[in-house]
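Quick note on the numbering used here: the sequence shown kicks off at 2 and runs consecutively.
What the hints contain is simulated information worked out from the structure, not anything from laboratory work.
Ideal Cβ placement from N, Cα and C applies to all residues, glycine included.
Hints may be right or wrong, so weigh each one.
Claimed, not checked - Restraint-style ranges between C-beta atoms, simulated for each label pair: (1) W127 / A99: 24 to 34 Å; (2) Y20 / C69: 17 to 27 Å; (3) S76 / T115: 34 to 44 Å.
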Amino acid sequence: MRIGEIAHQAGVSTRALRYYEEQGLLTPERTPSGQRTYPESAVERVRLIQQFFTAGLPSRTILQLLPCVDTGHASPKAFELLASERSRITAAMADLAAARDALDRMIDIANHPTPEHCPALREPAWAPYNPADATRTAPHPTAARDASATLITM
Numbered sequence: 002m003r004i005g006e007i008a009h010q011a012g013v014s015t016r017a018l019r020y021y022e023e024q025g026l027l028t029p030e031r032t033p034s035g036q037r038t039y040p041e042s043a044v045e046r047v048r049l050i051q052q053f054f055t056a057g058l059p060s061r062t063i064l065q066l067l068p069c070v071d072t073g074h075a076s077p078k079a080f081e082l083l084a085s086e087r088s089r090i091t092a093a094m095a096d097l098a099a100a101r102d103a104l105d106r107m108i109d110i111a112n113h114p115t116p117e118h119c120p121a122l123r124e125p126a127w128a129p130y131n132p133a134d135a136t137r138t139a140p141h142p143t144a145a146r147d148a149s150a151t152l153i154t155m
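Required output: the full structure, derived from the provided sequences and hints.
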């Protein structure tokens, strides 16, 4: 089968197939004119590679796992590799959750600005924040509205 046929049947782009070849994940035969040809089994292999990518595995890890697929026997090293990748993904999820929480705090600050977080509400505007000043002076009635607009456009 030619590259376009495999791409169509596996539901990927021809560029993806070329990338898999570059990474050593897929090895096509070559015609005398240099065109790629694939066996029918390549469709299933490409779908498996896609499942590995969907699971968050990088190509270097997939390359290490494919011999287990080819032999039908997973080694202890393969299980260690999968567990390591799972830990990496779990850590990345924790980092994303922390980033989301920080963004939630920023959204709350933008919705409810205070002199501590919004320099435009300080007297004078853009002066360094001093918590003692916040108790002495109240912001101008339109300052909160103007400051909210300032935070959003920054």
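Tell me the numbers of any earlier hints that the structure contravenes, in ascending order. Those not satisfied come down to hint 3.
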